[in-house]
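Chain F: place on chain V using the hints.
Residue numbers (this note's numbering), protein chains in the order written: chain V, 1 to 171; chain F, 1 to 104.
Calculated directly from the structure, the hints in this document are not laboratory data.
Backbone N, C-alpha and C fix where the C-beta goes; we use that ideal spot for every residue, glycine too.
Any given hint could be a false lead.
[To be verified] The following label-pair restraints were derived from C-beta to C-beta distances:
#, chain 1, residue 1, chain 2, residue 2, range
1, V, His116, F, Asp98, 48 to 58 Å
2, V, Phe109, F, Arg89, 42 to 52 Å
3, V, Asp83, F, Glu58, 47 to 57 Å
4, F, Asp95, V, His116, 47 to 57 Å
5, V, Arg91, F, Arg89, 27 to 37 Å
6, F, Gln59, V, Ile60, 20 to 30 Å
[Stated by the list, open to error] In silico contact screen, one side only, chain V against chain F (beta carbon under 10 Å); selected entries:
#, residue
7, Asp2
8, Leu15
9, Val23
10, Ile28
11, Leu45
12, Gly65
13, Ser73
14, Gly102
15, Phe145
16, Leu151
17, Gly158
Each chain, written out:
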Amino acid sequence: MDSSVISFYAISAFLLTFGVMAVTTRKIFRAAIWLLFSLIGIAALYFWMDFQFLAAVQIIVYIGGIVVLIIFSIFLTQMSGKDMPQALTSRKLIALALSLGGFAFIAHFLAHANYHESSGLVDASMPAIGRKLLSVETGGYALPFELISVLLLASMIGCIVIALKKAQEKP
Amino acid sequence: MNAIPLTHVLMVSTALFFIGVYGFFTRRNLITMLMSIELILNSVNINFVAFNKYLYPEQMEGLFFSLFTIAIAAAEAAVAIAIIINLYRTHSSIDVEDADELKL
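Chain V on its own, in the form it takes in the complex (with noise of 0.2 Å):
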């Protein structure tokens, strides 16, 4: 056992643990916490995969932009100190059978499947990624990060038409 085994089932760990939490508590603010060191692991895991880039970028994101944003809606729509309302307990006991149906399932195959694993490294450096993203050649990705731009700049228009507030009808 050397250091990155363990170090790769610690992190496995803690964010499995901190996911059911997330999806098992009943304290709403609570949920949104224990999602927040759930994405905390996922990067600690693209970290264990040495893409640095990558484990920034989520924390950044996922950390410092999705959850804030679920933090505010929920500070602005619930009453975050009560708890919800506890499900049902058949529908409980149902999408606890299809999920565990589900992964066994696909855990049956994983079991069973044979990939022929390649031993060489990535070149996963900001420098590297740059140079593709902006790469206007054959496998370059200029023309995703362009779309991906008027994208966000559509959600942003969407959310502000969305959001704002109707004008006051006249009595």
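Just chain F now, kept in the frame of chain V:
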């Protein structure tokens, strides 16, 4: 570095996916359902990155797929929360059972 076989990483991401599915089925509150969707999207990202690292380390396709997925997930979360806030303003509730206006 490949002390852990690829299937173990995939097992972790599968488990995370079904945790998200469980939350999506049991939760009745739009914000917590959104959290479950985030877990599902993240498990898919782990898959992309793991395949990239273990099977095609000389390319970076999985990394870029994950980057774009994260961007799309951010846009999706922003729009979803705008809709949720608007729904709360008109219905004073964000329970999925109360959001049936289009059905009437």
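Hints versus structure:
The beta-carbon spacing between His116 of chain V and Asp98 of chain F, approximately 52 Å, falls within the hinted interval of 48 to 58 Å. For the pair Phe109 of chain V and Arg89 of chain F, the beta carbons lie near 46 Å from each other, so the given range of 42 to 52 Å is met. For Asp83 of chain V and Glu58 of chain F, the hinted distance range of 47 to 57 Å is satisfied, since their beta carbons lie about 51 Å from each other. Checking the proposed 47 to 57 Å range against Asp95 of chain F and His116 of chain V shows it holds: the Cβ atoms sit about 49 Å from each other.
In this structure the hint that Arg91 of chain V and Arg89 of chain F lie 27 to 37 Å apart at CB holds, the actual value being about 28 Å. Take Gln59 of chain F and Ile60 of chain V: their Cβ atoms lie about 24 Å apart, and the range 20 to 30 Å holds. At a threshold of 10 Å, the smallest CB-CB gap from Asp2 of chain V to chain F is about 6 Å, leaving the interface hint in force. The beta carbon of Leu15 of chain V comes within 7 Å of a beta carbon in chain F, closer than 10 Å, and the hint placing it at the interface holds.
Given hint, Val23 of chain V at the interface with chain F, holds; its Cβ is 3 Å from that chain's nearest Cβ, closer than 10 Å. Taking 10 Å as the C-beta contact cut-off toward chain F, the hint placing Ile28 of chain V at the interface holds, the least distance being around 6 Å. The interface hint given for Leu45 of chain V is met, as the beta carbon of that residue sits about 6 Å from the closest beta carbon of chain F, less than 10 Å. For Gly65 of chain V, the interface hint holds, the least distance from its beta-carbon to any beta-carbon of chain F being 6 Å, beneath 10 Å.
Taking 10 Å as the C-beta contact cut-off toward chain F, the hint placing Ser73 of chain V at the interface holds, the least distance being around 5 Å. Among the interface hints, the one on Gly102 of chain V holds; its C-beta lies about 5 Å from the nearest C-beta in chain F, closer than the 10 Å criterion. The interface hint given for Phe145 of chain V holds, since its Cβ lies 9 Å from the closest Cβ of chain F, which is under the 10 Å cut-off. Hint status for Leu151 of chain V relative to chain F: holds, with the closest Cβ pair at about 6 Å, below 10 Å.
With a least beta-carbon distance of about 6 Å to chain F, the hint placing Gly158 of chain V at the interface is held under the 10 Å criterion.
In the structure shown, no violation is registered for any of the earlier numbered hints.
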